[in-house]
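Q: Residue numbering for the sequence shown is -5 to 111, as defined by the numbering used here.
Don't read these hints as lab results, they were simulated from the structure. Ideal Cβ placement from N, Cα and C applies to all residues, glycine included. Please note: incorrect hints may appear among the correct ones.
[Said to hold, decoys possible] Listed next, with one range per pair, are the computed distances between beta-carbon atoms:
1) Gln111 - Pro19: 27 to 37 Å
2) Val87 - Glu17: 11 to 21 Å
3) Pro19 - Met57: 31 to 41 Å
4) His14 - Leu78: 13 to 23 Å
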Amino acid sequence: MLAVLFWLTWKSDIAAPPSHTFETPSQEVEAAYCLAVVRQIAPGGRFGGYLGEAQDFWLKQLMTYGGDMAGNLTQGETLLGRHLATFPGPDRVWLMDAMDVCSNRALAYGFRFRAFQ
């Protein structure tokens, strides 16, 4: 019985996240949105640690999904821009909260951040 409950929990919560974050229409745009969040927090290329791992994860996700990568990146960045424009507080507050949501989403997809181990 315990094994069945574990499997059901894993299947519903971890293996297949049921919806997309930030009102994104697809996994591709979700990945692009989270990649845009990382790039807004630390623009300018390569960096190590947690942010580097997050950037690598979301870029890999985006490439794995395939499709119109440029279009998905544009949609993700546009949606992030809309959220930042309508958020009443400082951009950094939205970005830090979004980074938290994106990181939890990466964990839900099975990713493990080496920086936190």
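Q: Now, for every hint given, state plainly whether the structure supports it.
A: Tested hints:
Between Gln111 and Pro19 the C-beta distance comes to about 33 Å, which sits within the given range of 27 to 37 Å. For the pair Val87 and Glu17, the supplied restraint of 11 to 21 Å holds, since their beta-carbon distance comes to about 19 Å. Checked against the given bound of 31 to 41 Å, the beta carbons of Pro19 and Met57, roughly 19 Å apart, lie outside it. Taking 13 to 23 Å as the suggested C-beta distance range, the pair His14 and Leu78 conforms, at roughly 19 Å.
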